[in-house]
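Trainee: Each chain, letter by letter, is given below.
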Amino acid sequence: MTELTKKRPEFRNINAFKDLTTYRLPLAGWVSILHRASGGLMFVLLPLIVWLFDTSVSSEISFDRFSSAFSAGLGFVPGWFFKLVVLALIWAYLHHLIAGVRHLYMDVAHAVSKEFGKSSAIVTLALSIGLTLVLGAKLFGLY
Amino acid sequence: MSVNYGSKRVVTGAHYGLRDWLAQRVSAALMALFTLIVLLQVLLTSGPIGYESWAGIFAAQWMKALTFVVFVALAYHAWIGMRDIWMDYVKPAGIRLVLHIVTIVWLVACLGWAVQVLWSL
Numbered sequence: 010m011t012e013l014t015k016k017r018p019e020f021r022n023i024n025a026f027k028d029l030t031t032y033r034l035p036l037a038g039w040v041s042i043l044h045r046a047s048g049g050l051m052f053v054l055l056p057l058i059v060w061l062f063d064t065s066v067s068s069e070i071s072f073d074r075f076s077s078a079f080s081a082g083l084g085f086v087p088g089w090f091f092k093l094v095v096l097a098l099i100w101a102y103l104h105h106l107i108a109g110v111r112h113l114y115m116d117v118a119h120a121v122s123k124e125f126g127k128s129s130a131i132v133t134l135a136l137s138i139g140l141t142l143v144l145g146a147k148l149f150g151l152y
Numbered sequence: 002m003s004v005n006y007g008s009k010r011v012v013t014g015a016h017y018g019l020r021d022w023l024a025q026r027v028s029a030a031l032m033a034l035f036t037l038i039v040l041l042q043v044l045l046t047s048g049p050i051g052y053e054s055w056a057g058i059f060a061a062q063w064m065k066a067l068t069f070v071v072f073v074a075l076a077y078h079a080w081i082g083m084r085d086i087w088m089d090y091v092k093p094a095g096i097r098l099v100l101h102i103v104t105i106v107w108l109v110a111c112l113g114w115a116v117q118v119l120w121s122l
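Chains as they are written, first to last, in my numbering: chain A, 10 to 152; chain B, 2 to 122.
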């Protein structure tokens, strides 16, 4: 190229603090990034998930330890904190599952219009947050 | 752009897009179906779920086999998801390689533990 050609600007990593905070995400965008975040959260909590499975299923004694973790806590972790973490896990799973089913539906039905993106995003958020609240209330003993 | 050819070539993989796109969908559908199966078994147990009824769900051989398949599906599904996350946000190849290795070790360890739990029932 000639020396007079302007050097093309290079766009590298998004700056989390300068760029991310300036984007206005539509609802479908929120569902999407939360889909990624919930997946990442479950990945990080995977050992806990396996532990929950292990303790609940191995023996009567371990099952008792499993149940008591929700009330008396586990080691240095108090029961209410344990419940909060499990609530986060419940939300992550519900959102990831429902947003995932939305993806599968869009794949199969080719429902890719902007309007459907918005309406299905509303359904996803309502259903996942709603179910999280219902299950969370049960978890915290509200009914 | 950066020098990325000849001796400076950084190989990060190729030709896996369609395979992984499909694998993620198939594993997702399988896990959703599994969730439904377990949920139905839990909801259709009369009375509060004690150890017997809960562990009993996973006692049958067919259920153990299905659960094992779901565990493997989860590991591959999670690998694809995390690889995509690293790929989107971590550009330096050396750091990303370390993260890939950590991710795989993490997933294989959890998978091994889960399988061990399943077969000591």
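Treat the hints as calculated values from the structure; they're not laboratory data. This structure is a prediction, so every number in the text was calculated from the model and none was measured. Keep in mind that a hint or two might mislead.
Simulated pairs of lysine-lysine, DSS-like, Cα-Cα distance not exceeding 30 angstroms [claimed, not checked]:
#, chain 1, residue 1, chain 2, residue 2
1, A, Lys27, A, Lys127
2, A, Lys27, A, Lys16
3, A, Lys15, A, Lys27
4, A, Lys92, B, Lys9
5, A, Lys147, B, Lys65
6, B, Lys65, B, Lys9
7, A, Lys123, A, Lys27
8, A, Lys15, B, Lys65
9, A, Lys16, B, Lys65
10, B, Lys65, A, Lys123
11, B, Lys65, A, Lys27
12, A, Lys92, B, Lys92
Here are some chain A residues pointing at chain B (derived, C-beta under 10 angstroms) [claimed, not checked]:
#, residue
13, Gly48
14, Val53
15, His119
Where is the CB? At the ideal position from N, CA and C, for every residue including glycine.
Trainee: Decide, hint by hint, whether the structure agrees.
Mentor: Structure-based check of all given hints:
Taking the CA atoms of A/Lys27 and A/Lys127, the gap is near 27 angstroms; set against the 30 angstroms cutoff, the hint holds. Distance hint between A/Lys27 and A/Lys16 is fulfilled; the C-alpha atoms sit about 23 angstroms from each other, no more than 30 angstroms. For the suggested pair A/Lys15 and A/Lys27, the alpha carbons sit about 25 angstroms apart, so the restraint of at most 30 angstroms is met. For the suggested pair A/Lys92 and B/Lys9, the alpha carbons sit about 50 angstroms apart, so the restraint of at most 30 angstroms is broken.
Restraint check for A/Lys147 and B/Lys65: the C-alpha separation of about 29 angstroms stays at or below 30 angstroms, so the hint holds. Using a Cα cut-off of 30 angstroms, the hinted pair B/Lys65 and B/Lys9 is violated, with the two alpha carbons roughly 48 angstroms apart. Annotation: proposed proximity of A/Lys123 to A/Lys27 holds, straight-line Cα distance about 28 angstroms (limit 30 angstroms). Between A/Lys15 and B/Lys65, the direct Cα distance comes to roughly 63 angstroms. Violation of the 30 angstroms bound is thereby established for this hinted pair.
Pair hint A/Lys16 plus B/Lys65 does not hold up; C-alpha atoms about 60 angstroms apart against a cutoff of 30 angstroms. Among the hinted pairs, B/Lys65 with A/Lys123 is inconsistent with the structure: their alpha-carbon atoms are about 42 angstroms apart, more than 30 angstroms. A distance of roughly 49 angstroms separates the Cα atoms of B/Lys65 and A/Lys27; the hinted pair therefore is violated under the 30 angstroms criterion. At most 30 angstroms may separate the alpha-carbon atoms for a hinted pair to count; A/Lys92 and B/Lys92 exceed this at roughly 37 angstroms.
Because the smallest distance between the Cβ of A/Gly48 and any Cβ of chain B comes to about 5 angstroms, under 10 angstroms, the interface hint for this residue holds. Restraint check, A/Val53 versus chain B: the minimum CB separation of about 9 angstroms is within 10 angstroms; hint holds. Hint on A/His119 is violated. Least Cβ distance to chain B is approximately 14 angstroms, over the 10 angstroms limit.
Hint check: violations occur at hints 4, 6, 8, 9, 10, 11, 12, 15; the rest are consistent with the structure.
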